[in-house]
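Peer 1: Just so we're aligned, residue 425 is where the first sequence starts under my numbering, counting upward by one.
Don't take each hint at face value.
Each pair of labels, with its calculated beta carbon distance range [to be verified]:
id, residue 1, residue 2, range
1, V953, Q845, 16 to 22 angstroms
2, K793, Q495, 36 to 42 angstroms
3, Q878, R1044, 57 to 63 angstroms
4, K965, R1044, 52 to 58 angstroms
5, V484, Q1013, 37 to 43 angstroms
6, E840, G466, 30 to 36 angstroms
7, K868, G844, 22 to 28 angstroms
In silico SDA-like links for lysine to any residue, alpha-carbon gap of 25 angstroms or less [to be verified]:
id, residue 1, residue 2
8, K506, K949
9, K1024, I1012
10, K429, S696
11, K899, E803
12, K949, I1012
13, K555, K674
14, K827, N935
15, K713, T804
16, K949, E837
17, K555, A486
18, K1042, D596
19, K652, G738
20, K793, K1024
21, K871, Q852
22, K720, S798
23, K966, E840
24, K899, Q845
25, K1123, G1068
26, K888, N816
27, K966, F824
28, K1042, K429
29, K1024, V1046
30, K704, K827
31, K965, T804
32, K540, E672
33, K805, Q927
34, K961, D885
35, K966, L773
36, K868, G512
37, K674, W662
By construction, these hints were calculated from the structure, which means they are not laboratory data. This one's a predicted model, so the numbers in the text were calculated from it and none came from an experiment. Here a beta-carbon is modelled for each residue, glycine too, at the ideal position from N, C-alpha and C.
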Amino acid sequence: MERPKVFIGVAWPYANSAIHLGHVAGSLLPPDIFSRYHRMRGHQVLMVSGSDQHGTPVTVRAEKDNQTPEQVAERYHLINKKAIEDLGIEFSMFTKTHTPNHVSVVHDVFLRLMEKGHLEQRQTLQYYCPKCVKFLPDRYVEGKCSKCGNESSRSDQCDKCGTTFEVGEISDPVCITCHSRPEMKETEHYFFKLTDFDEPLLHYVQGSEHWRSNVQLFTQNWLESGLKDRPITRDMSWGVPVPLPNTEGKVIYVWFEAVIGYLSASKEWAQSIGRPDAWKDYWMDPEVKSYYFLGKDNIPFHTIIWPSILMGYGGLNLPYDVPANEFLTFKGEKLSKSKGPSIDIPSILDLFEADLVRYYLTVNMPEGKDADFSWEDFETKVNNELVATLGNYFHRVLSFTHKNFHEVPSLPEGIEAEEGQVRDAIAQALVEVETYISACQFKKGLKAIMDLAQFGNRFFDAVKPWSLLKTDRAKCGGVLNLNLRIVQALAVLGHPFMPFSSQRLWGFLGNDGTIGEGSWDWVTKDLNVGSPLPEPKPLFKKVEIDREESLFAAYEALDLRVGLVEEVCDHPNADKLMVLKVDIGRPIQLVAGLKNYYTKEQLTGKKVVVITNLQPAKLRGVESQGMVLAAESGDLVKVLTPSGPAEPGDRVTSGLSPISKVLTFQEFQAFILRVGTVLNDQEADLGHVIKADTSSLTKGTQAAFFLPKEGAETALPLFTEKKVSIGVDGELDNGAKVR
RNA sequence: AGCGGGGUAGGGUAGCCAGGACAUCCCGUCGGGCUCAUAACCCGGAGACCGGUCGUUCAAAUCGACCCCCCGCUACCA
425 MERPKVFIGV AWPYANSAIH LGHVAGSLLP PDIFSRYHRM RGHQVLMVSG SDQHGTPVTV
485 RAEKDNQTPE QVAERYHLIN KKAIEDLGIE FSMFTKTHTP NHVSVVHDVF LRLMEKGHLE
545 QRQTLQYYCP KCVKFLPDRY VEGKCSKCGN ESSRSDQCDK CGTTFEVGEI SDPVCITCHS
605 RPEMKETEHY FFKLTDFDEP LLHYVQGSEH WRSNVQLFTQ NWLESGLKDR PITRDMSWGV
665 PVPLPNTEGK VIYVWFEAVI GYLSASKEWA QSIGRPDAWK DYWMDPEVKS YYFLGKDNIP
725 FHTIIWPSIL MGYGGLNLPY DVPANEFLTF KGEKLSKSKG PSIDIPSILD LFEADLVRYY
785 LTVNMPEGKD ADFSWEDFET KVNNELVATL GNYFHRVLSF THKNFHEVPS LPEGIEAEEG
845 QVRDAIAQAL VEVETYISAC QFKKGLKAIM DLAQFGNRFF DAVKPWSLLK TDRAKCGGVL
905 NLNLRIVQAL AVLGHPFMPF SSQRLWGFLG NDGTIGEGSW DWVTKDLNVG SPLPEPKPLF
965 KKVEIDREES LFAAYEALDL RVGLVEEVCD HPNADKLMVL KVDIGRPIQL VAGLKNYYTK
1025 EQLTGKKVVV ITNLQPAKLR GVESQGMVLA AESGDLVKVL TPSGPAEPGD RVTSGLSPIS
1085 KVLTFQEFQA FILRVGTVLN DQEADLGHVI KADTSSLTKG TQAAFFLPKE GAETALPLFT
1145 EKKVSIGVDG ELDNGAKVR
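Use the sequences and the hints to build the structure in full.
Peer 2: Pasting the structure below:
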């Protein structure tokens, strides 16, 4: 009988940054556990992925790094490929999208869909900005809504009244980048007629009741809200060119092209093993089940778009299951630099063995809901569970046997009862691990292994080999033999999860060979009775996480300065925003949402506190190079202001030594700043009383404070390098948030 | 604000779709045991009105309605 085959597709990591723990826990580790298990069962597995190298984020990164998109894409491809290998994640093929093979496969798919009428060339009018020399996406054009008169309506839909517009329908269109009037220019794009697949998709999804409920639900919602034909080409240069004449300057949209990578990688794999048609075994044999592992953000691409493409192409297997994971979050760890190692894989693997990372990420896998990562949790789980329960069990069995027998002892008569117990425990673990891994429930699978280790510890205690050693050496050997069986079972069962240590353990048992294809039966393999045991070393060592424990160290990332507001005008395109020219030692432009709280006159000439190392952002078209700190309490919003003499450009260091770093708005939002009244030299009232060094502040006044975390009992007042504290422009409730 | 996900002992989690008897497991904590082992292991205790309210039911953490809070994406958040 032929060995069953499984196809495994893994979401393609994007080639604009190094992969981090989230990718591993979400989409890389689960398929590796799954595929190792299947291979051990003797099944044939084709597991592919690669770097997604095209698309705007890569070009953005390239501009930033002053490199070509190709260089950036290649650099991160290599970094990520290495990180994946170092983690022990075994692909049949890990390739990339910027290859001739991929381009030709995409072209083949494109042309076939064209031929079958699923692609349509449509002339579309699009806004084109002669000044910026480019076509403008809808969101880059604004104008006047002809229905409600809204002066700053988006060009595709008015936010005020909801009217939707076709290109050209809006009055007085403006390019939000340069404010010149865009032209309407004709351009040709190809549309994928998703609507052709409405019916078949519905059947497909309804027939997929084995999907995880989040995947089912999400997909169903998508379908119910109606499919729209989507353009699959865009005016851009970095990407897969359109395989038709007169299409210079157009490439195929990444969302359409990247998923085709599963097919092109499979073909590349077939080439690489010298059987160019081998991919067909996995794609055309309807008996083969295809699994796609990915994060929840990727669901529609794999349950709607990719199946549609495959249906349109015809003759290829659709995804059988899409066990999407939720996200691994890093709450409280956004400031990870100061509290622990960073979270990208290359730097983590410099510090910790891959199996420790694999263990923790499996135990903490975001299968049903988002899971939170923290170094503290990593430390306790690894030390108390992996090292203490599992590692220590291995070591007490192996070292005791090695010390007293030097070889695998035999099983004498008279301990049938114990043998039965052990056999049952192993059998139970085996069934559970098989069931759970097959169902992609990896946390539970690992739990079953830990349960067996716990049984082992209990069993070891119960049979007391250390006391048998003195009274009945043969029986002592016998119970050790039984314990070694448990250890051996754990080595095999644990292999999909922790392949490296599992293999070492195999050697400590006096076994030859490598655990891998077809070795699942070794769970209950006979021991090599009489074979010498090497001296065992502890399999896992405890970890210690370096924490620099300055409570406020995180705030070193903030570059705050005193700024003098020199000029204020209304934002041309928004009714809550104002544009400020501020002197912070140098002139900068800020956009602030203060219009409902301050008049231009009130702000002009005021000294404020500005975050200067925020990533600049365009707010409704006007660039903001920072942000004015303001406190809000209910309907009141007041800016922060120095309560003593301060010059524009003075740093607000609060006694810390700032590091230079550009912060995203999101990172900034993680900081907790509050307003409170100074009570005495060491206490202030921030809604609740906290301790702080307030000796240089005036009693009874309000000042701004950093909090290390929500509800903390210690806080740090903000003050400039000249020790001038930062207060509020007016009065607010204590505890008012600063933003 | 819209869409999606979630709120279970001090922390983290399972159970929820297919409603039932003392609500799972890990860490921490308290008490005990063991001494082979990486101060590891084993046993026992304490600790949860399963976010809130109302409803369906003989029976609800589990089903329904409304509300509150958290997180992600989207947005005139700066």
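Peer 1: None of the hints should be skipped; say for each whether it holds.
Peer 2: Hint check:
Take V953 and Q845: their Cβ atoms lie about 20 angstroms apart, and the range 16 to 22 angstroms holds. Distance hint check: the CB atoms of K793 and Q495 are about 39 angstroms apart, consistent with the given range 36 to 42 angstroms. Checked against the hint of 57 to 63 angstroms, the C-beta distance between Q878 and R1044 comes to roughly 59 angstroms, which is consistent with it. As the Cβ distance of K965 to R1044 is approximately 55 angstroms, the hint placing it in 52 to 58 angstroms holds.
Between V484 and Q1013 the CB atoms are about 22 angstroms apart, so this pair departs from the stated range of 37 to 43 angstroms. Checking the proposed 30 to 36 angstroms range against E840 and G466 shows it holds: the Cβ atoms sit about 32 angstroms from each other. The supplied range of 22 to 28 angstroms is met by K868 and G844, whose beta-carbon atoms lie about 26 angstroms from each other. Restraint check for K506 and K949: not satisfied, since their Cα atoms lie roughly 35 angstroms apart, outside the 25 angstroms limit.
Restraint check: the Cα-Cα separation between K1024 and I1012 comes to about 17 angstroms, which is no more than 25 angstroms; the hinted pair holds. A distance of roughly 19 angstroms separates the Cα atoms of K429 and S696; the hinted pair therefore holds under the 25 angstroms criterion. About 39 angstroms separates the Cα atoms of K899 and E803, which puts this hinted pair outside 25 angstroms; it is violated. The hinted pair formed by K949 and I1012 fails the criterion: a straight-line CA distance of about 73 angstroms is larger than 25 angstroms.
Our distance criterion of 25 angstroms between C-alpha atoms is met by K555 and K674, whose separation comes to about 20 angstroms. Of the pairs offered as hints, the one joining K827 and N935 holds, with about 18 angstroms between alpha carbons and a cut-off of 25 angstroms not exceeded. With a C-alpha separation of about 38 angstroms, the suggested pair K713 and T804 falls outside the 25 angstroms cut-off, and the hint is violated. Between K949 and E837 the alpha-carbon distance is near 20 angstroms, which keeps this suggested pair within the 25 angstroms criterion.
Of the pairs offered as hints, the one joining K555 and A486 holds, with about 23 angstroms between alpha carbons and a cut-off of 25 angstroms not exceeded. Annotation: proposed proximity of K1042 to D596 holds, straight-line Cα distance about 21 angstroms (limit 25 angstroms). A C-alpha spacing of about 21 angstroms is found between K652 and G738, which places the hinted pair at or below 25 angstroms, so the restraint holds. The hinted pair formed by K793 and K1024 fails the criterion: a straight-line CA distance of about 47 angstroms is larger than 25 angstroms.
Only pairs whose Cα atoms come within 25 angstroms are accepted, and K871 paired with Q852 is accepted, the gap being roughly 12 angstroms. With a CA separation close to 21 angstroms, the supplied pair K720 and S798 stays within the 25 angstroms bound. For the given pair, K966 sits about 37 angstroms from E840 by alpha-carbon distance, which is inconsistent with the 25 angstroms threshold. At most 25 angstroms may separate the alpha-carbon atoms for a hinted pair to count; K899 and Q845 meet this at roughly 16 angstroms.
As the CA atoms of K1123 and G1068 are separated by approximately 14 angstroms, the hinted pair is consistent with the 25 angstroms bound. A hinted pair counts as satisfied when its Cα atoms are at most 25 angstroms apart, and K888 with N816 qualifies at roughly 16 angstroms. Restraint check for K966 and F824: the C-alpha separation of about 21 angstroms stays at or below 25 angstroms, so the hint holds. The hinted pair formed by K1042 and K429 fails the criterion: a straight-line CA distance of about 51 angstroms is larger than 25 angstroms.
A threshold of 25 angstroms between alpha carbons decides the hint, and for K1024 with V1046 the separation of about 18 angstroms falls inside it, so the pair holds. With a CA separation close to 54 angstroms, the supplied pair K704 and K827 exceeds the 25 angstroms bound. For the hint linking K965 to T804, the alpha-carbon distance of about 13 angstroms falls within 25 angstroms, and the restraint holds. For the given pair, K540 sits about 24 angstroms from E672 by alpha-carbon distance, which is consistent with the 25 angstroms threshold.
With a CA separation close to 22 angstroms, the supplied pair K805 and Q927 stays within the 25 angstroms bound. In summary, the hint linking K961 to D885 is supported, as the alpha carbons are separated by about 21 angstroms, within the 25 angstroms threshold. At roughly 15 angstroms between alpha-carbon atoms, K966 and L773 fall within 25 angstroms of each other, so this suggested pair holds. For the given pair, K868 sits about 21 angstroms from G512 by alpha-carbon distance, which is consistent with the 25 angstroms threshold.
Annotation: proposed proximity of K674 to W662 holds, straight-line Cα distance about 9 angstroms (limit 25 angstroms).
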